[in-house]
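J.: Put the two chains together into one complex; each comes in its own frame, and the hints tell you how they fit.
In order, the protein sequences belong to chains G and X.
Throughout the first sequence, residue numbering follows the numbering used here, covering 1 to 356 in sequence.
Throughout the second sequence, residue numbering follows the numbering used here, covering 1001 to 1457 in sequence.
It is worth saying that the hints were derived from the structure and are not from the lab.
Some clues are possibly wrong.
[Unchecked claim] Cut-off 30 Å, straight-line C-alpha distance, at most; resulting in silico cross-link-like pairs (BS3-like, lysine-lysine):
id: 1; chain 1: X; residue 1: 1056; chain 2: G; residue 2: 344
id: 2; chain 1: X; residue 1: 1360; chain 2: X; residue 2: 1348
id: 3; chain 1: G; residue 1: 121; chain 2: X; residue 2: 1056
id: 4; chain 1: G; residue 1: 344; chain 2: G; residue 2: 121
Remember, it's a predicted structure, so these values are computed and weren't measured experimentally.
These are the residues of each chain, in order.
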Amino acid sequence: MMLQEATEALTWTLPHAVAGTMVLSLNAYVLLGGADFGGGVWDLFARGRQQDDQRALVANAIGPIWEANHVWLILVVVLLFTCFPRAFAHLATALHVPITLMLVGIVLRGSAFTFRTYDSKRDAVQRRWGRIFSIASFATPVLLGLCLGAVASGRVPFGAATASMTFTERFIAPWLYSPFAWAVGVQALVLFAFLAAVYLTVEAPEGPLRTLFRRRALQSQAAMTVVALIVLLLARRDAPFLFRGLTSGSVALVMHAVTAFLAISVVVTLLRGHYRLAQIAAAGQASFIVWGWAWSQFPYLLPPDRTITELATGRVMLSLTIWALGIGTAILLPSFVYLFWVFKRGEKAFEATGEG
Amino acid sequence: MNDLLFARSQMAMSLAFHIIFAVVGIGMPALMVIAEWRWLRTRDGVLLELAKRWAKGTAILFAVGAVSGTVLSFELGLLWPTFMEHAGGIIGMPFSLEGFAFFTEAIFLGIYLYGWRRIPPRAHFAAGVVVAISGALSGAFVVCANAWMNSPAGFTLVNGQITDVDPIAAMFNAAAPAQVVHMTLAAFAATGFAVAGVHAFALLRGTPHRAFHRAALQIALLVGVPTALVQPLSGDWSARVVAQQQPVKLAAMEGHMRTGPAGLVIGGWPDEKTLEMRGAIEIPGAISLLLRGDRNASIPGLDAVAEADRPPAGIVHVAFQIMIACGTAMAGLGAWAVLRTLRRRKGKGSALPDDRTFLKAVLLASPLGFIALEAGWTVTEVGRQPWIVQGFMRTSEAVTPMPGLVVSFIGFTALYIGLAITVVFLLWRQIIKTGVTGEATRGLTSEMPVPRLTPRP
Ligand code: HDD
Ligand code: HEM
Ligand code: HEM
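Only chain X is shown next, with the shape it has when bound in the complex (with noise of 0.2 Å):
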């Protein structure tokens, strides 16, 4: 491998390990927020508990999210030089606002965390709702800077002088609104999926604290479901937007290699030097009624550019379709989950959680969310090779002239691997095995477990 195959799977290794914690980041003040504010409603303690419970995660998590991040600032440059100074100038935007709704989120989360005796109860939730509002924007304006090497836009390219930079054309790029709302839906969808299978799995495995996973589950499918039943239409959206400004990538993700109509390609591996998909189920002609609406409209291929400018084909399709298989099971549990409340409240079939059956699908569905984050990420970036910049700059171009890149990315990865077996196993300790202290019931008192001053005054 040469450095800027290194370089480039350092990036892939930092971005995909940080996404994880940045949908958490994304995911779990939505949570938090939607069981205290029940409690302050019913105040039933079971949802206080359940609202500290779900902090105390998110505070590890929310640690190993800004640092990694850090880690990506720098990286940027560390790794990518050209890049940043022709599009440090373009797409800065976008990253300067994040840094303040990462400032916000971080000041409401040290209020959230350490606050729940200090202030008012209505104050802790009003913090709670500004941690996930910040949180879900700073995941906006990023995806804005992503989305616009995508689809680049907001400067003129005069011999090669970059001029007329209009900084919120280029953050308002035309890939940026599916991006955004794709991938802000996947934050809820990929964190509460989780969260519901981990609450799944103790009223499977029988606990004393059926109420309080039962509320915890509750909460979890509120978020997850609804999320997942939009997130197709969502994805379909994305598509015509790729289909539009990335035609190529297109033609990778869906297997199709020559111009021509396009069919529904399922499954197989594609051969890039005779053009042919191999092992692969067809639909003929149905991505082109999809995207045009006649069967036999014809949609550019994988040969519609030059062999350098093509994607990896291969890697680009499976994880598509990785994404969609994932996809699809979720919308099919969350129709399910929909149908089944529904008859309950016709006074048919047993409430939810009573019911193994659909415990176990929840249970299975759980890493579901987050298989199709990491694929649909790498559609995204590996999709868009040999660019950087969507026909502006080339990645072997942007990438920095230090050679011997293999040791930081064996140095990072396995500091990352460290970090991520260190991070479940503390969750699996903090939030599961401890179970519930009965706290619930005898009135709150366990703060953050800070290590206290023996005097204090």
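One chain only, chain G, in its complex shape (with noise of 0.2 Å):
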């Protein structure tokens, strides 16, 4: 009886535990991918004497491991598609738009920042290269939040209701006429450049690169705060639904404390000088916006009537999702921490020499 009750009990978590899952892997693509992405906006506004120098600050962060971080955002995708298949096929369709300018985005940042790096070191070459991937990395961001925002407002049309609906309707309004999504868009863009400008900070050598990282990450702290507020007041019209999530509830009270919380340390550490208490503390903000986001939305996957629980799929596949993913990630995590640990540790130990 207990047991039934418990396996009961675990069946209704399966779901959410993919789910959780996803947003986790969305946080880490937040945090690592996104940082990238806001490398390439701060590629694009480099200015004055130094730009080189801030750009060759840019590439050395990013360099070494874009592509590791960019499979966060394919397993979301690959965990949307084979957990919540009915979820991901509307959503494609829906979102056919804005969905396919981002890929576009994705293909020219990936391949235009790697071309640049094996490509001619001239200039004119460069710039054209860098130009791509700059712009490509500024619009990226804004169409993934632009896609999320859509879903989070419930306007995504859903199920039989799409039959009598025109083409506009059904799969242009949902997005290009929602400023409560375009503002997601900016607030995703606005994070990202945040993130890295932050991670910048600790990257930079000492002087003025990084000084001026330090004021760039305290404008787009500012800008953050802007952009917040104007979600949060678009939301009350555009997303009722999930303005109630992010407005009420002791739960929703406790995140945007600690996520303001955390905004002020970032400010405070910046201002300090501890760079990477500040770098810990930004993720820590970025983390919470995502996980406030996935709380307000809670228990929908598309909202405003659509369950995770309800779309999920069968039992077995979400029972050996988790078990793929838990073996994966205990050969994932030790792989990452050598990963980073590696480079962390810089380029001294080895000479690779002819004679051994």
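T.: Take a look at the structure:
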């Protein structure tokens, strides 16, 4: 009897476990891949006599690991179509246009970055790839946020309702005409730029470069605050559902409080020159924003009325996926730790000489 | 053309593009690792230079593979939402596993590319091995998913409802083993031959770095030749599986129009109205003999199913013949290389890299693997039509309701053509034109050409 109840509880939890993993994976993407995008944004805004140094700093920070950072997004997609295939099919249909544009951005950013690294070091060539890389870095986060915002607004039409809709109503209006979705797009952009700026204060050598990125981090933190308020205001009208989640309940309040505390900590630590601490606080702040959004949307995968449980596929697949995730994590975590460790210890240890 | 056709064309184009980089991502790590292994054994600087050179090329190709693969993951939903809605919950397993294989591959490729001076040589070599293994695994997983479309398993359909889902059975479907083996071999054979061709070209043209290109040619052949020799056997296995699982696809491949004893049809183009082969040479009874051991055994022809259920037989037949022709030529060249090497062991003849005729043959054969690869996939995918999931779901039922797909088709085609041109140009500059810089003798100093910050603490 008790066993049965326990199993049932577990059954109920499986879809939520997968959904939680997806948020976790999105969180990792924001912290790692997002910062790579943000680096591209600062590449776009590099100005003045030091612009080459600024660009080099960004390229150096992104260099070794962008593909690994990028897989977090793929993991989200794969989990979505494996465990919530109906939601995936639905979103890919309704948001066909912005997703396609986002893909173009991903392709251009990734390839232009690599091409710049390997192409001729002549200025004109470097500048051409740099342009593409930085513009794509600017546009892609907006489109990513736009898609997430459209989902959160609950305006993406579902099921039978779509049959009688015009092209615009079905494929365009849910995102193009949604100020809220655009505001979330801008929020994603500012967040990524903010993360990158904070991380770069750690990477930069002491001196003008560090001061510059500290200033930019502070400026983007200010922009974050403004954008967050705008998003909240627009949510009230465009995404009432999300608004309720964001503003009521003690958990929501605690989350806001922690986010605000972390945001202030970033400012304080930056001003005091504790860059590592600022990095940790900024990562925490971004994570709380991601989880805050997830929490206020819970238990719906597709607001306003499609729940996580309802859209989940069969139990077998879910539990196998959880197993695969567990085993995968057991392999990946140490690998990641190794990767970051290798790059932190820098380039001194081993001269690969022909003489051996 | 209608939206369905544009969707199919966009999918075909994206896959045909991605598969090139995917195959390189499977093959090149093996080449790099062998070069590095030999360097660890001999400490011959040329081999280290070679491993680094190859790694640079791989880095460019890997990035394009990663972005084009990302496009594909989304495209499955953007173009075929109904397919994913039903298939996702059945065949998602290999895709999830593939995700982990990518992670591992990307992490260790990062370590491999940027870690030459950061970790001990043995650890570095081990990172390369991990890259090679996870690359091959990711290919194997995704091919399992494709095999499921050819030979669906792991579920039952009751009144249009999918029940009894068994993701493991779906993953290990009847077509999977043969396809995975054939694809993995194809990846090594195609990469091996392509790389061998590049270095054969350098040797033919005359180069001050003969030792470098000889070592490269040797390793590339070491990977390409054995796999090309086994490939026809593996292809025979594939054909037997197809005969069992998708008899109509087999009929289209072989140009076998009417049910009855099947001959080996060489060349020709089928007339799908009259069910005649035009302009073909036929060896009567050969296919019946191969498949059933009896020249007169009856094999289902294209006419075994209604017209609406037949694939476009012409494309499938021609693509199949192209693959066989390439495969035969590659195996022939492989046999030649083996015989020459054996003769050389007995002290007769010249070393392979000094034989200009052989080098010319290698140069000519270098694109064959990739041609066979594209042709083979055309056979598999077009031969499955009109089904997206053989016998269960039609491609036309799976396509997105989104209109105007011509726009995204043209957009992605232009984008990919641009990428392809750039990649070829960069590889040319990076690997060939610059030649060997003599770093090998100086003791290597070249890190990756990442712009470095001037003042570094
Ligand atoms: C280097 C590349 C290469 C070479 C030399 C060959 N093949 Fe191949 N073939 C492929 C690369 C390939 C492929 C592109 O990788 C395919 C597509 C799907 C698959 O699993 O492998 C394929 C598919 C494929 C199929 C269809 C499988 C299916 O639809 O499920 C058959 C029957 C063969 N091959 C048979 C052969 C034979 C008899 C060959 C002997 C000469 C041969 N292939 C050489
Ligand atoms: C293993 C991974 C693969 C998967 C999961 C896959 C999946 C698909 C899907 C869903 C379609 C659209 C529906 C259909 O036409 O049946 C398709 C079509 C197609 N694919 Fe694949 N494919 C794979 C590999 C490849 C590769 C590597 C090629 C390389 C050339 C390829 C060539 C094509 C072609 C030519 C079509 C169009 C067929 C037609 O509509 O006539 N596929 N594939
Ligand atoms: C026969 C077909 C395929 C094979 C053999 C194959 C294999 C590979 C390999 C080896 C890579 C590693 C990257 C590289 O080396 O360039 C890769 C990348 C990728 N592939 Fe494919 N793939 C195939 C089809 C597909 C399909 C149908 C999808 C879509 C679901 C897909 C999704 C991806 C993704 C997302 C990446 C990027 C991973 C990263 O960022 O590292 N692939 N593929």
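J.: Of the hints given before, which are not true for this structure?
T.: Per hint list: zero violations.
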